Every structure is written in structure tokens, then in C-alpha cells.
Amino acid sequence: DAGITQSPRYKITETGRQVTLMCHQTWSHSYMFWYRQDLGHGLRLIYYSAAADITDKGEVPDGYVVSRSKTENFPLTLESATRSQTSVYFCASWRAGRNEQFFGPGTRLTVL
Amino acid sequence: DQQVKQNSPSLSVQEGRISILNCDYTNSMFDYFLWYKKYPAEGPTFLISISSIKDKNEDGRFTVFLNKSAKHLSLHIVPSQPGDSAVYFCAASAANSGYALNFGKGTSLLVTP
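Keeping their order, the protein sequence lines are chains A and B.
Numbering (the numbering used here) for the first sequence: 1 to 112.
Numbering (the numbering used here) for the second sequence: 1001 to 1113.
Among these hints, one or two may not hold up.
Said to hold, decoys possible - FRET-style restraints, in silico, Cβ to Cβ:
hint, chain 1, residue 1, chain 2, residue 2, range
1, B, Ser1028, A, Asn73, 18 to 26 Å
2, A, Thr5, B, Gln1014, 21 to 29 Å
3, A, Gly16, B, Ser1028, 40 to 48 Å
4, B, Glu1042, A, Thr86, 30 to 38 Å
5, A, Lys57, B, Ser1028, 17 to 25 Å
The set of hints was computed from the structure by calculation and includes no laboratory data.
These numbers come from a predicted model, not from an experiment.
By construction, the Cβ of each residue, glycine as well, lies at the ideal position given by its N, Cα and C atoms.
Please take these sequences and the hints and turn them into a complete structure.
See below:
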């Protein structure tokens, strides 16, 4: 199906472990984004990418790493997970012309 | 520092009446504003947007008003329906920000029958 998919949808991990959240879009949109949603903060931008091999930091990038070797994939890696990274993570892509971002269903990550 | 503010965490409205959700921003470089609707356990879905060159945009029951001098925008839903019950996020972007969005904290709307 067309759209944005995220995997896993739910993940429980332990402090210090490496975790990778996957994001895949079928539209070939150039821009992709990672946000986290926490109570009392709304959605905050972690990283974004303008195209394959082009990434840039957002508001809260510390502790995260991204890569984009293919236009359709934009994985987010927590190199050493901390409890403060417990959150819901949303991936999005930007659609030219309509000037809106499409969001995936989210990944709920719990770090114990 | 929150650049987009939604000062009302929640709003309750009767079915058929108007819902007005408010949003303020501080960054004068913002030139595009969007409203997203979010149900639990789902991603935000785009609702309506407005460019800074306009002061109003309508789409069916939804209208967004922009007051640039006051750095304020509002979303009007008329008439409100129970299915409109959700969290509404105001978001803004600047031309030089790579289309990244700055979000408010959201307003939870409850439409009662």
C-alpha cells in the first residue's frame, strides 16, 4: 500500500542498548523527518533529510543518528538508549505541491 | 523555547456548535501554517493550511484565520461533530527551515452529542 510505514510499532528495550526505528515511504518524496512526541511538548523535530545522503539536525538531535542511503528509507538509531528517550516517534515525508507533511503511524518506544 | 503555542490544553463543545482552536507564534520568519488532527495510536493527519500571504482559508467545515500582526491563527470548525473529537496540533514552518515543522503542544477537542 502507498504511504509511510514504521516498524516496529512497539518496542521495549533496556538502557544502553542500540535501537533502530525504521521508516519507509512509497511516494519517493525528497524530504523526510523524524519527530518525537512527549507529554507537555507536542511534537519535536529530531532530524530531517532533504534527499538521499543529505541530513540535518532538528531541535532535539542528541543521542540519535540517522542515515539515508535510499530515498524511500530513513532509519533512526538510538546508539545507547536512555530512559529519557522513552517516547512516541513519528516519521514524516513532505509532499511538494500540496505543501504538507504525511505522517507514519508512529513507534512507541519504552526504555527501561 | 516554544515558538508555537496552544494555550488551551482542552476544549469541550456541543455537537452542532462552533469549535474555535487558537494558536500563537513568536517567530516572524514563519510563513506557512498547518493544522493537524490526531487520534490516539495514530499519526497526525493533515487538516488545513494557510500561507502567510493570506488571512483566511476554507475547506468544508474547517476555516483557518491568520492575523500576522498579532502572530495568531485560529481554526474554526462549523458545525462540530462527535467525530471531530481528537487532539489538534498547530504547526508552522519557515522558508529556510527545510520544510521542518514547529508544533504546538496540542488542544484536545471533545464534541459532545
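**Asked** Honestly, do Thr5 of chain A and Gln1014 of chain B meet the 21 to 29 Å range at C-beta?
**Response** Distance hint for Thr5 of chain A, Gln1014 of chain B is violated at roughly 38 Å.
**Item:** 18 to 26 Å as the expected CB spacing between Asn73 of chain A and Ser1028 of chain B, which holds or is violated
**Value:** Cβ of Ser1028 of chain B to Cβ of Asn73 of chain A: about 36 Å, so the range 18 to 26 Å is violated.
**Request:** Note whether the CB distance of Glu1042 of chain B and Thr86 of chain A lies within 30 to 38 Å or breaks it.
**Result:** violated, 19 Å
**Range agreement (Cβ of Ser1028 of chain B with Cβ of Gly16 of chain A, hint 40 to 48 Å)** = holds, 43 Å
**Message:** Between the beta carbons of Lys57 of chain A and Ser1028 of chain B, is the distance compatible with 17 to 25 Å?
**Reply:** Taking Cβ atoms as reference, Lys57 of chain A and Ser1028 of chain B lie about 23 Å apart, which means the hint holds.
Comparing the model with each numbered hint stated earlier shows that hints 1, 2 and 4 do not hold.
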